[in-house]
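From first to last, the protein sequence lines stand for chains A and B.
Here the first sequence is numbered in our numbering, starting from 288 and rising by one per residue.
Here the second sequence is numbered in our numbering, starting from 317 and rising by one per residue.
None of these hints come from the bench; they were simulated from the model.
Take these hints with a grain of salt, some might be off.
To be verified - One-sided excerpt, in silico: chain A residues whose CB lies under 7 Å from chain B: (1) Met466; (2) Pro467; (3) Val480; (4) Ala482; (5) Ser495.
To be verified - Quick list of the computed label-pair ranges, beta carbon to beta carbon: (6) Tyr321/B with Tyr351/A: 29 to 39 Å; (7) Asp502/A with Val501/B: 47 to 57 Å; (8) Glu505/B with Gly486/A: 28 to 38 Å; (9) Val469/A with Val501/B: 49 to 59 Å; (10) Thr416/B with Gln298/A: 55 to 65 Å; (11) Pro783/B with Asn347/A: 51 to 61 Å; (12) Arg506/A with Arg349/B: 31 to 41 Å; (13) Ile382/A with Leu733/B: 45 to 55 Å.
Where is the CB? At the ideal position from N, CA and C, for every residue including glycine.
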Amino acid sequence: MNIEQQDFYTQAILSLAALVGLTSFLMLGQGRLLRLIFIFAMQGFLLTLTAALAAYSLDNPHLYISAALTLVLKVIFIPWMLRREVIQMNTHRDIEALHNKTTVMLGGASLMVFSYYVLNPVVQTTSPVMLNALAVSLSVVLLGMLLMISHRQAVAHVVGFMAIENGLFFAAIVATNGMPMVVELGVAFDVLVAAVLFGIFFFHIRTSIDSLDVDRLNRLHEVDK
Amino acid sequence: MIAAYLVLLIPFIGIVFFALAGHKADTGKLNVRFNAVCLLATVWLAINVLNQGTLLSSGKAFLIDPFNVYLIVLTAFVGFTTSIFSSPYMAHEKELGKLTDKRLRLYYSMYQGFMLAMYLVLTTNNMGVMWVAMEGATLATVLLVSLYRTPESIEAAWKYFILCGVGIAQALFGTILLYYAAVQVGDVENSLLWSVLYENASKLNPEILEIAFVFMLIGYGTKIGLVPLHNWLPDAHSEGPTPMSAVLSGLLLNDALYAVVRNKMLVDGASHSDMAGHLMMGFGMLSFLVAAFFLHRQKDIKRLFSYSSIEHMGIMTFAFGIGGPLATFAALLHMTVHSLTKSAIFVTVGHASQVAGTQSMEKIRGLIKTQPRIGWGLLIGTVAIAGFPPFGVFTSEFLVLLATMHSYPWLTPLLLLGIGIAFAGLFRHIQPMVYGNQPEGQLPVKANLWPVMIHLGLVLWLGLAIPGFLANWFSQATLLISGSTPL
């Protein structure tokens, strides 16, 4: 695959895929919550660009709605909510000491390789471009999980959760030019409700353990102790 | 088709009504009525399907076939009987000062919200909408798990939210891959409709579909409570209010399994390999055995029975994985009897813990002496769930065993061992709770045990003789899933 021979749309999608993947890695190594939220908003913005570009190039107007929804939800509303939470909790100056940062980053890189391996059969039916796009989306999903595992703050968990949604959204735009409208609206609705619920949860967790450190949610055990 | 729309409309009205009206003295009874009307609508729907066969709504948005219609009726039935139980139970919790009017308003509104999500999962023809509804069910119940606002319940709800949310995201990735495979062969507009996918299954790319199925199984499997994705389940069941445990165990787990089976039918049509079935067998067997061992180490009565739910979901997943007509028939029957028995048990457990004032099994003693009906209800329910004849669980487990002996004889000892271990795990805890001396000052509570008696009566009936129309129905569903009938 020679990238110069592809049309403009394909080249742009490949670059955006690379950038989305990059933002996931940036989030993985970020110990400051406010920066983490900022990078998350950047990733949302890249997705908005992707959706708008796909809508324009493929002449698919319903993707404009998806782009607008992403902009409102993932670039404005959720980052705003999380930022407010962090500042209220007065944790915006804390730097979370991440354990085994190197291992986590290496783990992230291997997850990316793993994604390419898993999705390799896709190449049979389509161009290698699609493989890149799908593999990046899957790795964004997996990196979101790794982010949740390696961070202890509830806010970082929400960012990881939403980053997983971002990966799925990217796959839906690039691989299939968006899901059917009813599904896309439904998913956006679920994301919105989830965001509101997270806000309620922050309040509950704060009042019950006086912190948003999820390591302190440790009362329930699999078996008796 | 009107009946199907009614089934969706009634709980929707319920959500709005309970949210606006707030909690009053008779809200619990109104909730019972909403569920009763919905049950009638589902029965009407079932009669329609019985007379006319598979129904497809005009816009192809909804599909009702023999497989989902019986689950719809089961959902409505368990929803209805649980609401009968929930009305005095929640009133009692309010008297104890554990809950306020505001939280009860949330509870009743979201009870209907959960029912709506369940009906939508079952009736929809669109695999994407199915995912949305499944996620909606999590969102509706997550605040109910933390209804008591204790640190434990908030922890349980957070775990439930995060684990199920992340898990089910995998299922969406699977759905996207499915859509991706489908747009390459069919028209874009209808490509996510199950009926269209099923017709074109043989044309879909088998390798992409197999990858998609792995993601679906992990995603929906989190909701089924398959080991090792089960951690949220005992927490959410033990910390939430008991009526929620009953509907989560009886309905949510079934519907998640339903989603997996729907997808398996597509993958089987495309690939003609046993990959999907083998994966389900592996996960099912693992969940079954692990949960059976964990039963022995529990202290909380609701956690005990949630591990028992994992165990039974394991058996069902295993049986659907085997895939032949006999195993499929057994799995369908097991879904029914497990839902009925488990929700009956949670109802009695709810009353038992109100009698004893605790959920800790060490402190629950002498139930038969204090309130014989609750004690016997718990004992008979446990006998039924452990798979004793003549209850229905015995019949379905026996059929699963037969199917295993036929197809994979070397797995039979594992299955028998697991059933034995689970039986011992349940009875070592239950026996001292129902017999034995009651602690001083233990008083009976106001309890409505009709739901329990009806459920256990039905399970007994299904164990003695499955009525003709129901057997016929199961056979039709089996024909749909496995391609031939067992009878």
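Verification of the hints:
no. : hint                               : in the structure
1   : Met466                             : holds, 6 Å
2   : Pro467                             : holds, 6 Å
3   : Val480                             : holds, 5 Å
4   : Ala482                             : violated, 11 Å
5   : Ser495                             : holds, 4 Å
6   : Tyr321/B with Tyr351/A: 29 to 39 Å : holds, 31 Å
7   : Asp502/A with Val501/B: 47 to 57 Å : holds, 48 Å
8   : Glu505/B with Gly486/A: 28 to 38 Å : holds, 36 Å
9   : Val469/A with Val501/B: 49 to 59 Å : violated, 21 Å
10  : Thr416/B with Gln298/A: 55 to 65 Å : holds, 59 Å
11  : Pro783/B with Asn347/A: 51 to 61 Å : holds, 52 Å
12  : Arg506/A with Arg349/B: 31 to 41 Å : holds, 38 Å
13  : Ile382/A with Leu733/B: 45 to 55 Å : holds, 52 Å
In terms of the numbered hints stated before, the structure departs from hints 4 and 9, listed from lowest to highest.
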